[in-house]
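Visitor: Sequence:
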Amino acid sequence: MQRMHISDFDLEKTVECGQIFRWEKRDGTYYITAQNNILLIRQHGDILNFSAVRGGSSFVKRYLSLDEDYSKIISSLRKDGLPEEVISSAYGLRLIRQDPFECLMSYVASSASNIPRIKRNLNSLCRNFGRRISLGKFSSYSFPGPSEIFSRRKIENSFRKFGFGFRARFYPQIVQSVMSTENSENADEAFKKFFSRIRRMNYEGAKQALTSLPGVGSKVADCVLAFSLGFSEAFPTDVWVRRGVSILFFNGRNISVREAEAFGRRRFGENAAYAQEFIYYWIRNRKKLS
DNA sequence: ACCCAGGAAGCTC
DNA sequence: GAGCTTCATGGG
Numbered sequence: 614m615q616r617m618h619i620s621d622f623d624l625e626k627t628v629e630c631g632q633i634f635r636w637e638k639r640d641g642t643y644y645i646t647a648q649n650n651i652l653l654i655r656q657h658g659d660i661l662n663f664s665a666v667r668g669g670s671s672f673v674k675r676y677l678s679l680d681e682d683y684s685k686i687i688s689s690l691r692k693d694g695l696p697e698e699v700i701s702s703a704y705g706l707r708l709i710r711q712d713p714f715e716c717l718m719s720y721v722a723s724s725a726s727n728i729p730r731i732k733r734n735l736n737s738l739c740r741n742f743g744r745r746i747s748l749g750k751f752s753s754y755s756f757p758g759p760s761e762i763f764s765r766r767k768i769e770n771s772f773r774k775f776g777f778g779f780r781a782r783f784y785p786q787i788v789q790s791v792m793s794t795e796n797s798e799n800a801d802e803a804f805k806k807f808f809s810r811i812r813r814m815n816y817e818g819a820k821q822a823l824t825s826l827p828g829v830g831s832k833v834a835d836c837v838l839a840f841s842l843g844f845s846e847a848f849p850t851d852v853w854v855r856r857g858v859s860i861l862f863f864n865g866r867n868i869s870v871r872e873a874e875a876f877g878r879r880r881f882g883e884n885a886a887y888a889q890e891f892i893y894y895w896i897r898n899r900k901k902l903s
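Per our numbering, the first sequence runs over residues 614 to 903.
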């Protein structure tokens, strides 16, 4: 078990706010499976105790965005008019830096679904196509890479068995599209090239590239951009964030998702992704808190 | 029985 | 663009 001093960080909020889906909490300790890694971690005040299959403290710092200047982000959000009630409720929440492929697969599954079901779907996918990995007594399944999923036949049928429903058809279409645009017969190489190309684009180009994929619209694209590709100016807007923006900034007026997204991006600029996570956390927990 | 769930796509207007 | 329906499936 390793040890790290941290400040301005809340592990519970960060893990449980819905950015990631593959985690469990046992006796106050979180077991997070990310790609082919397992991170065991718990927090006592400003101390983090953790252990990981691969990567030590450098992995944890990067994965949990502990290398960012939090007070700078907070003061910027405050200056841009994010209400104090929202800031204090979500304070300590940080963006998790996910693997782009895992993030894309996960959020394609999220459309018109709910978090418990998304978790079940992804766990089913990993149990069947991933590899068994373990850390001490805890064992889990890796998130399968592109070729571990797409070198099989009847991909759509498999995803239906895993409970993805109507979203199942998007998966074979996505790999076909990526392999075609990257001009590669190898799924691993195709996705690698695809994401590294997107990383070098500006926000508009990157979003265009992602939304050209089947099953990837504005919301899913923004999640992948914000949670895995470092585009902090993305403002992923779902029904919850739309509701939150409406209450906080439009006096409860019924605004569209598109309107709320444009507002969030204009208002919060390069910290839009943090603003979005704070608003999401606030709106989903405000009954609990008050 | 009905509605909604971290939406997207394919329509019509 | 905005407004509608459909797409599986599970839970309230």
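Note that these hints are calculated values from the structure, not bench results.
Careful: at least some of the hints might be erroneous.
To be verified - Lysine-lysine pairs mimicking DSBU-like chemistry, simulated, CA-CA at most 30 Å apart:
1. Lys-732 - Lys-674
2. Lys-767 - Lys-685
3. Lys-806 - Lys-832
4. Lys-685 - Lys-732
5. Lys-806 - Lys-767
6. Lys-806 - Lys-674
7. Lys-674 - Lys-685
8. Lys-767 - Lys-674
9. Lys-692 - Lys-732
10. Lys-750 - Lys-832
11. Lys-626 - Lys-806
12. Lys-674 - Lys-750
Visitor: Could you tell me which of the hints above the structure violates, numbers in ascending order?
Guide: 2, 4, 8, 9, 10 and 11
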